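**Student:** For reference, the chains in residue letters:
Protein chains: 2
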Amino acid sequence: MKLTILGCYAATPRTFTNPTSQVLEIKNHLFLIDCGEGTQVQLRKNKIKFSKIQHIFISHLHGDHCFGLVGLISTFRLLNRETDLHVYGPKGIKEIITLQLKLSNSWTNYSLYFHELESKSPEVLYEDSKVSVETIPLNHRIYTNGFLFKEKPGDRKLIIGRAESLNIDVSLYNSLKKGKDVISEEGELIKNEEVTTDPAAPKSYAYCSDTVFYPEIIPQIKGSTVLYHESTFLEDKHELAAPTKHSTAKQAATIAKEAQVSKLLLGHYSTRYPDLDKFREEASEIFPNCELSDDGKIFLFE
Amino acid sequence: MKLTILGCYAATPRTFTNPTSQVLEIKNHLFLIDCGEGTQVQLRKNKIKFSKIQHIFISHLHGDHCFGLVGLISTFRLLNRETDLHVYGPKGIKEIITLQLKLSNSWTNYSLYFHELESKSPEVLYEDSKVSVETIPLNHRIYTNGFLFKEKPGDRKLIIGRAESLNIDVSLYNSLKKGKDVISEEGELIKNEEVTTDPAAPKSYAYCSDTVFYPEIIPQIKGSTVLYHESTFLEDKHELAAPTKHSTAKQAATIAKEAQVSKLLLGHYSTRYPDLDKFREEASEIFPNCELSDDGKIFLFE
Numbered sequence: 045m046k047l048t049i050l051g052c053y054a055a056t057p058r059t060f061t062n063p064t065s066q067v068l069e070i071k072n073h074l075f076l077i078d079c080g081e082g083t084q085v086q087l088r089k090n091k092i093k094f095s096k097i098q099h100i101f102i103s104h105l106h107g108d109h110c111f112g113l114v115g116l117i118s119t120f121r122l123l124n125r126e127t128d129l130h131v132y133g134p135k136g137i138k139e140i141i142t143l144q145l146k147l148s149n150s151w152t153n154y155s156l157y158f159h160e161l162e163s164k165s166p167e168v169l170y171e172d173s174k175v176s177v178e179t180i181p182l183n184h185r186i187y188t189n190g191f192l193f194k195e196k197p198g199d200r201k202l203i204i205g206r207a208e209s210l211n212i213d214v215s216l217y218n219s220l221k222k223g224k225d226v227i228s229e230e231g232e233l234i235k236n237e238e239v240t241t242d243p244a245a246p247k248s249y250a251y252c253s254d255t256v257f258y259p260e261i262i263p264q265i266k267g268s269t270v271l272y273h274e275s276t277f278l279e280d281k282h283e284l285a286a287p288t289k290h291s292t293a294k295q296a297a298t299i300a301k302e303a304q305v306s307k308l309l310l311g312h313y314s315t316r317y318p319d320l321d322k323f324r325e326e327a328s329e330i331f332p333n334c335e336l337s338d339d340g341k342i343f344l345f346e
Numbered sequence: 045m046k047l048t049i050l051g052c053y054a055a056t057p058r059t060f061t062n063p064t065s066q067v068l069e070i071k072n073h074l075f076l077i078d079c080g081e082g083t084q085v086q087l088r089k090n091k092i093k094f095s096k097i098q099h100i101f102i103s104h105l106h107g108d109h110c111f112g113l114v115g116l117i118s119t120f121r122l123l124n125r126e127t128d129l130h131v132y133g134p135k136g137i138k139e140i141i142t143l144q145l146k147l148s149n150s151w152t153n154y155s156l157y158f159h160e161l162e163s164k165s166p167e168v169l170y171e172d173s174k175v176s177v178e179t180i181p182l183n184h185r186i187y188t189n190g191f192l193f194k195e196k197p198g199d200r201k202l203i204i205g206r207a208e209s210l211n212i213d214v215s216l217y218n219s220l221k222k223g224k225d226v227i228s229e230e231g232e233l234i235k236n237e238e239v240t241t242d243p244a245a246p247k248s249y250a251y252c253s254d255t256v257f258y259p260e261i262i263p264q265i266k267g268s269t270v271l272y273h274e275s276t277f278l279e280d281k282h283e284l285a286a287p288t289k290h291s292t293a294k295q296a297a298t299i300a301k302e303a304q305v306s307k308l309l310l311g312h313y314s315t316r317y318p319d320l321d322k323f324r325e326e327a328s329e330i331f332p333n334c335e336l337s338d339d340g341k342i343f344l345f346e
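Heads up: the protein sequence lines correspond to chains A and B, in order.
So for the first sequence, the numbering used here puts the first residue at 45; every next one is plus one.
So for the second sequence, the numbering used here puts the first residue at 45; every next one is plus one.
A few of these clues could be false.
Copies of the same chain look alike in the list, so a pair counts if it fits in one copy or across any two.
As the list claims (entries may be wrong) - For lysine-lysine, the following PhoX-like pairs were computed, each having C-alpha atoms within a straight-line distance of at most 20 Å:
#1 K341 - K146
#2 K146 - K135
#3 K266 - K307
#4 K135 - K224
#5 K146 - K289
Just so you know, the hints here were simulated from the structure itself, not pulled from any lab data.
Note that the structure is predicted; figures quoted are calculated from it, not measured.
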């Protein structure tokens with residue numbers, strides 16, 4: 045699981061900071077999460093192959109999370125993209141994009157599917173044999189979802205040497221990987237646990253931005269490998285967090301601790317703070333395993 | 045008259061090139077012309093004061109000329125702008141912007157006026173005592189206007205020493221600047237030309253992008269101080285220019301020559317060309333006083 049931060053600052057793009065966008069590489073997918081203005085240039089700078097992005101998840105319709113989407117969709121067209129593209133986001137996103145494509149007379153030559161969201165309960169947006177993506181309903185000034193990306197448990201690991209010594213036919217190896225017991229060539233019952241070990245624990249990534257401090261999400265994200273939680277403010281501006289429906293670094297850490305995640309990533313910093321390390325310091329007091337996102341930073345979760 | 049090129053490349057924003065946008069400073073106005081994605085960051089890089097921009101002119105609704113507009117309008121709001129903003133552009137631009145503001149529940153706290161254009165004949169969009177702005181109808185794949193910015197003739201220049209020696213009361217100086225004859229303290233008629241000289245010749249800037257080779261514009265832009273004319277292609281891709289309704293550098297130079305402008309600026313280059321100097325070489329053969337636009341370049345026209 046590899047996460048590339050394309051932008052992690054609140055509000056407006058600036059000379060050296062970008063609004064929210066990130067790419068999650070998981071089980072051979074490249075999922076784009078949010079798409080602030082300038083995302084396509086950030087994708088280029090980070091050498092991410094445009095055609096590998098087939099699913100884009102938009103948390104909400106504030107500009108710093110979606111104003112780059114129409115440009116990216118148009119650029120895909122100019123690059124003669126043929127791959128389907130799926131966009132998941134709040135109701136209205138289809139109208140925003142199609143209106144602009146219509147008025148510029150620039151329809152896409154690839155298939156563009158919109159999946160508009162309205163539910164205030166978690167819903168599964170995407171699922172295949174290896175991964176699933178579901179919404180995490182958040183609490184912000186407008187309708188907003190976080191997203192929970194979950195690997196599915198992999199196959200059990202076969203101890204090949206033992207399977208051979210027990211004289212199990214290779215045609216049965218797949219059954220063993222699926223957890224089944226088998227019969228050896230000698231007609232003996234071989235219990236699965238004799239020749240396999242547990243698969244690697246499935247990883248998960250919970251993306252929560254933007255939101256006020258909202259403990260209602262804790263049961264859903266419990267035990268996640270990584271939680272990205274917005275921290276627009278430090279506690280010194282605590283009084284701004286509630287009315288703007290944003291969180292402080294301390295609040296993000298509190299959610300991480302209660303949800304017993306393995307690691308916390310902070311982001312969506314207000315540009316009023318010149319020293320990001322203060323975010324890490326504040327959060328670390330409550331949840332030590334926390335790191336700072338920054339534009340262009342790559343996190344590998346093995 | 046000062047022109048700052050924020051972006052002058054065709055199609056998509058890239059790591060080191062920006063789509064179309066430029067700022068014309070003329071008679072104490074800052075006019076923003078077109079607004080591709082990333083324009084607000086380019087404005088910051090070029091240290092242009094956001095609040096001084098009160099008029100934005102959008103040539104057409106292809107993304108590389110307008111996808112940065114909604115972000116700029118939103119950023120103005122976040123910066124607590126109070127000054128009115130006027131946006132001039134093709135019919136539909138109001139719907140694009142207001143839909144996005146509505147869905148993000150982010151109405152502007154300043155007054156935002158849309159002036160939607162549909163006419164295929166030139167119209168005056170803005171006029172005050174010192175400057176006027178009119179559309180230059182162009183011929184592109186969708187409805188497109190260029191813009192002609194014209195200084196008005198200034199006051200006549202008073203030769204103060206002569207006015208004093210002729211004993212003209214200072215209360216009459218303004219009449220002299222306006223070209224009137226006056227009566228001296230001794231009761232003598234003083235002809236205007238005795239105490240004034242001609243004002244500086246008014247300057248003008250014709251912005252023409254995007255368009256196919258379109259000689260119909262020549263009468264309107266005749267004698268302009270500066271013509272910015274798109275040159276998406278060189279003649280080597282001449283066969284692409286007509287169907288995409290773009291121009292070559294040679295065609296841009298032909299328009300400049302026929303219109304007897306003083307200077308030609310080239311821009312809107314296809315990113316397929318690594319060597320911009322070829323554009324200047326091609327155009328110079330027909331119209332020698334031509335220069336290349338480039339992102340961040342500033343032109344002063346004295």
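**Student:** All the hints need checking, so say for each whether the structure fits it.
**Tutor:** Verification of the hints:
For a Cα distance limit of 20 Å, the shortest separation of K341 from K146 qualifies neither inside one copy, at 36 Å, nor across copies, at 33 Å. In this homomeric assembly, K146 and K135 come within 20 Å of each other (Cα to Cα) both inside a single copy, at 18 Å, and across copies, at 12 Å. Proximity of K266 to K307 under the C-alpha cut-off of 20 Å is restricted to the intra-copy arrangement: shortest distance 12 Å within a copy versus 66 Å between copies. Taking CA atoms no more than 20 Å apart as the test, K135 paired with K224 passes in neither setting, with 44 Å inside one copy and 66 Å between copies.
In the homo-oligomer, the alpha carbons of K146 and K289 lie at most 20 Å apart only across protomers (19 Å), although the nearest pairing inside one protomer, at 34 Å, exceeds that limit.
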